[in-house]
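Enquirer: The primary structure of each chain is shown beneath.
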Amino acid sequence: MRSPFKTFLASGNVFIWGCAAGVSVSLLMVFGLLLLIVINGLGYFWTSNVVDLTLKSGQHVMGQLAGREVIPRSVTPDRPEGKGRLRVKIGNRDINGLDFKWVNEDQIVSQAYPADAALLERREWGNMYGRVKAVYKGETLQVEGNDAGWIALAPLISATNDLHQQIARIEQIEIGSINAELEQARLKTRSFELGKERGSLNDLTAQIAAAESRYQAKTVELDALRTQFDEYSVLMVDANGQEKQISVGQIIRALHPNEMGLLHKSWIYLTNVWSVVSTEPREANTEGGIFPAIFGTVMMVIIMSLVVAPFGVLAALYLREYARQGVMVRLVRIAVNNLAGVPSIVFGVFGLGFFIYAIGGTLDTLFFPERLPTPTFGTGGILWASLTLALLTVPVVIVATEEGLAAVPREFREGSLALGATKLETMLKVVIPSALPGILTGLILAMARAAGEVAPLMLTGVVKLAPSLPVDGSWPFFHFDRKFMHLGFHIYDVGFQSPNVEAAKPMVYITTLVLIAVVVLLNCTAIVLRNHLRKKYAGSVL
Amino acid sequence: MYPSPSVTQQPSQSQPLSSQRFDVQDGHLQSPDNRSNSQAVKLALQQVNFFYGSSQALFKIDIEIMKNQVTSFIGPSGCGKSTLLRCLNRLNDLIEGARVEGAMLLDGVDINGHDVDITDLRKRVGMVFQKSNPFPKSIYENVAYGPRLHGIRNRAQLDQIVEEGLKGAGLWEEVKDRLQASAFGLSGGQQQRLCIARALAVKPDVLLMDEPCSALDPVATAKIEELLFSLKQELTVIIVTHNMQQAARVSDWTAFMYLGEMVEFGLTKQIFTNPSKKQTDDYITGRFG
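Chains as they are written, first to last, in my numbering: chain A, 1 to 542; chain B, 543 to 831.
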């Protein structure tokens, strides 16, 4: 007769509870992490009301509330009731020197939400909180007073935003192409000097002269636009009466948050989200958007996938289908599996030594001697970073593909062979299509790993601010030698290398959120593709 | 009682191979009138040995398979029926260390010869497997797979071949309206007949069937057995089966194999009513195996 306790143990209930608890804890951690990131990240886009705090000292603090914490009693023995303190985003970095300020609650006399409190988003120095006093055109007073100034400001801002776009277009596209042309001509001159290029040096000189005169014309045009851009200025006054005159060109958007309804705020919220994912960073990455980082991440992952998929699949095909199964293959397999466990920074060092210095350096001396000593491929770039990550993730693809191939029933192969197919035909027509879902699973894992990897990139081509995207309008359109920005590195850079850590904190969460979203999106694409294939080749085991 | 356990495990020790072979040959020689002269030998095996690495699986097999007849291989599990069958389209070539000795003449040409194109051989010797193995493709694509491999691209021609194959396998009426549907939507018996259609589509001379009905219900089995009668008008069928009633029902000739040796080969009627070997008699009457 078994004791009840033993019977209870043998029933397996404890085991099931243990399993369930394991799953629950894992889920809790995952969702907790996601929730933290989502709340902190998405909260940043919301325009909260501008509060005006009057302190006992008579001073005013105006800004957006950014948090509250209770001061521990041990720190403030004189206040046993444990007063709280508020964290206020006061902006006006050019006046105050900081973006955030702690205000003890017992110092606050009154708290108001004035309807005319204005929030100016600026291209530099962060947000400004205050009231409009006057609008100037050059030195002459145009409009005076809070309400009149505010009304006059709105059209000016939209005009300067248009101008800003125009200037950016001229700078980046028109002058950019002239610069590219000049650079081409310079390189040709150089290779002419090296005795490689045939043709007339005079032609080149003429070409350079023509391009430079066009450049001069553009500069004149730009100067005119810039003057126009800075023509108007607005005199702002902060909560303590301090005045500050800023150019309207510096203002991206002016809002009266306290007057805005829910609908208006939601609209602003959406435009904020859009501008973060679609614009370039400002202010040492702590403000503006993260578009170049998104672009760099996605492009790098795509290049990596294009490289790793054929390599991994071919390697796995050879190992599983063609190689004689023996000690050698076993050793190779063990080596491949171990490769997956090598710390990623090691791959970074390898990428730097092999891809950049050995291969890139050789390419430079062979094909781009006229550019030396400035390296072209002999320095970090998106191609080398992608190749390094491909190397890092190739074991994942090999292992998954091998499993996929092993899971293709022998009957399929024999059925095909018995019909007179050769081994290659059997592979191409039956085995690989059936193993494709498994192969894609491997690719999904590889992509997820690659998108999140930062350490090797820091050695192979990622930068905190890339002047241009790896894809643009100038020949040959794809610039694989260019350095690029990456979301993972952006998190590190903004969060830990930024001069203004407090202001950058929301950016860290947003970047994290976007990185996760990018990985999920890439994976979803691959999963949809896999499910499509699975349906097509229904009955395959994976 | 015969056989004693030791004898069944190691017959080569208790019974010299040469005598065994002699007996088989003897059996053939004793019944030459079983064969009418009008029948031609499609496939002749002479002294075939087969090895998996160092272990021998088939011992000096001699057999002559008649054209347009159904020949069945019977015998207990592991006796080498399937191995022998898979030698006939050289599917055993895939196995590492597999080696075959002796002559296997298909229409007088040794199929293991150096100048034999293996894909051509497999085109002439089709095979249907124990477990139905349609490819993860549509019904149409399954049947068209073989012809496509052998270079037929013309759509109308393919359509015709697919229709003929499916009709030959008695499946046409059931699937003609859903040719583009996945082959996995078919029932087990239909899948097996699809595999037969797929094999027929490359127009083989010989069809090897490796226990084609072992996973099927009686109705599906009956359909495939019926099919065999019509198939033998066109080609030569060799069927491996565990089911002796099936062998008795469908085959013209029966070979009884035991532990890698061909114990007895003759007309089905004779094997089942008046076997010349005691082992055969014991197996058929269910005393062992």
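It is worth saying that the hints were derived from the structure and are not from the lab. A portion of the hints provided could be inaccurate.
Claimed, not checked - Dumping the calculated DSSO-like pairs for lysine-lysine here, alpha-carbon to alpha-carbon at most 27 Å: (1) A:429 <-> B:745; (2) B:673 <-> B:774; (3) B:765 <-> A:429; (4) B:673 <-> A:423; (5) A:429 <-> B:718.
Enquirer: Please go over all the hints and tell whether each is borne out by the structure.
Expert: Hints, one by one, checked against the model:
1. A:429 <-> B:745: 21 Å, holds
2. B:673 <-> B:774: Satisfied, since the Cα-Cα distance of roughly 22 Å is no more than 27 Å.
3. B:765 <-> A:429: Violated - the C-alpha atoms of residue 429 of chain A and residue 765 of chain B are around 30 Å apart, more than 27 Å.
4. B:673 <-> A:423: 21 Å, holds
5. A:429 <-> B:718: 24 Å, holds
Hint 3 alone, counting from the list given before, is not met by this structure.
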